[in-house]
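A.B. asks: From first to last, the protein sequence lines stand for chains V and U. Following the working numbering, the numbering of the first sequence begins with 12 at its first residue and continues without gaps. Following the working numbering, the numbering of the second sequence begins with 12 at its first residue and continues without gaps.
Everything labelled a hint here was simulated from the structure, so no lab data went into it. Nothing here was measured: the structure is a model prediction, and the numbers come from that model. One should not assume that every hint holds.
Cβ-Cβ distance ranges computed for the label pairs, FRET-style [said to hold, decoys possible]: (1) V:Asp109 with U:Pro187: 54 to 60 Å; (2) V:Ala70 with U:Ala92: 38 to 44 Å; (3) V:Leu23 with U:Arg356: 30 to 36 Å; (4) V:Arg321 with U:Arg108: 40 to 46 Å; (5) V:Asp109 with U:Arg108: 30 to 36 Å; (6) V:Arg46 with U:Glu366: 39 to 45 Å; (7) U:Arg356 with V:Arg189: 35 to 41 Å; (8) V:Lys241 with U:Lys241: 31 to 37 Å.
Even for Gly, the Cβ is constructed at its ideal location relative to N, Cα and C.
2 protein chains.
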Amino acid sequence: MSESIRDIEVSLGPRSYRIHSGPGLLRDESWLCERIPHRRILLVSDENVAPLYLDRLQAALGERELHSQVIPAGEAEKTLARLGEIHDHCAQIGLPRDGVILALGGGVISDLAGFAAATWHRGVDFIPLPTTLLAQVDAAVGGKTAINHPSGKNLIGAFHQPRAVIADSDTLTSLPEREYRAGLAEVIKHAVIADPHLLHWLEARVRQIKERDPGTLADTVIACCRIKAKIVSEDETEQGRRAILNFGHTFGHAIETAGKHGEWLHGEAVAAGMALALELSRRLELIDEDYRNRIIGLMKALELPVEAPRMPPEQWLDLMGRDKKVSAGRIRFIVVDGPGSAVVRDAVDPATLHEVLQWSPSR
Amino acid sequence: MSESIRDIEVSLGPRSYRIHSGPGLLRDESWLCERIPHRRILLVSDENVAPLYLDRLQAALGERELHSQVIPAGEAEKTLARLGEIHDHCAQIGLPRDGVILALGGGVISDLAGFAAATWHRGVDFIPLPTTLLAQVDAAVGGKTAINHPSGKNLIGAFHQPRAVIADSDTLTSLPEREYRAGLAEVIKHAVIADPHLLHWLEARVRQIKERDPGTLADTVIACCRIKAKIVSEDETEQGRRAILNFGHTFGHAIETAGKHGEWLHGEAVAAGMALALELSRRLELIDEDYRNRIIGLMKALELPVEAPRMPPEQWLDLMGRDKKVSAGRIRFIVVDGPGSAVVRDAVDPATLHEVLQWSPSR
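Produce the entire structure from the sequences given, and follow the hints as far as they go.
C.D. replies: The following block contains the structure:
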């Protein structure tokens, strides 16, 4: 089996780690025990994911002292109260400094369990086992952990690099269709901001991607992780260049927040946000209409929503202003200035912005 | 005034910062505004300290948007609930990524506000304004922030380096006698583990120290910060050498925890803990009886308690085992092996340890 495993290293000096991707990783006892050498383990998962993979993991890690904490699924669980419950569990099992917290699930579990690992004993080892496409290409790479505050998403958190990331491709085949598609938004984002070759490659493989061909999936995950790892290596704590990973997110977060009851999945909101960011890039004359349409076309081919909800500009500005990326009162936008290239703009003319906010790709 | 300010740099690459010490720093408007250039500020303090210095700070920083949060004093406030309240306040005033949290008070305020700064927006600037000797020589240096868990002290936290430390010597003259003396335990600790010259210097200045001579105080604070800064620079996240800063603390934490109602101040417990750690060092034949007695003599001259409470060995082991410094089930001790030199020992013979736990400096 081992020849089908791909891996890359994220180079961060003493905090460097490897991302492993491939089928069957969560079943392979000897391989898994090598990557998780810890004696005492707290595994955090949710009620959707735990029934699918917890048993096989417990079997594979049978020699270790494995404790598990299963919480309800969903973004609403990323609270200070849940964090406190994980800390309570850590205390109860006496998780030591050289223990590890595993996160079995999507981005919510990874963010929450990662933040618990960042803060228990001022930092214990953290190994995400991402089970969604979004988490495999995005949430598990970069060391961002967080919980939500009633006033906004991810407002409380820490940078805490994982010890390793174990992305089993098999977990993607059982993903609900809508969630899988939403993950593709982040895949496209990586290609758009940093890799024109990946963009071509994706355009040529729309069918395989929609069919979730395992080989194509593993290649895609590793390609995206390589891009993100490179950007993160250059800028570990998000002072500069790393901001380009937020392409589509300033608009996207506003869309997500406006849809209060979770109508929009994160990836869906990012897709519609990227459409607006592309239009902004075009109006700033950084790209032409053809390039904008090409990316929107790829998103449509992969059945991603590209149409943001109608909102008055004041509401947009209010929702975007709540975003963490606001610096000194100015909203920061990520725009693209060519295939595989993105830059930060924090002084966008309000009139231009208003026009963008009223633009629709279908008109 | 500026010629009386001393400062040193803590070298941590991009996270380097300066510690400033001297009289009148919290009154000096132009000097203060240069060190705290932030537009929006959240100041956290407690009910004992705020009445003494908050007004002068508000006057000195009058041009800025300064919000303050005053909480009850005491270790019992280092909870997840209080942390949540500080986050709520950050949200309410919209503290941005480029905002700052100031901690005006002792170690409790510094630990709690520092942890809030470490986690709000995944890290905003943090500037402690320590007002106790303990906080000036210890809590404000090293980047450790934390809250308590019902099962133990400082179990939840993060490493977050301050942007600067502003230690106004004037604040030490109004400190209650007992709290001042407790701070001297950390001063002695620094000398014992790392600086034989400071040890001589302290022995020659017992009178000036007891009289709180301002010049002696400022020199002492800077000498200790220099020692701690050097050790921390070599080992930012406490993987190795930094552990020697815990000299006296393994025993000391047990003493603190056993005295449930706060009978022992941290520094007092550390003093009695150092006496035991010195006896352990002697039994391991790393130092002789004369050196042990010399240090205990200095502590007595400064009126520090050197006598640990009587407890059965099992209770000691239980209380020490709860400490974070436990690795793979073995308790780690810091011992001294000569004037100004300390090492880590994690395999102490149980019989030797039992003898040490029953030893008393007065017999």
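A.B. asks: Hint numbers the structure violates, sorted upward?
C.D. replies: Checked against the structure, the hints that fail are numbers 1, 4 and 7, while the rest are satisfied.
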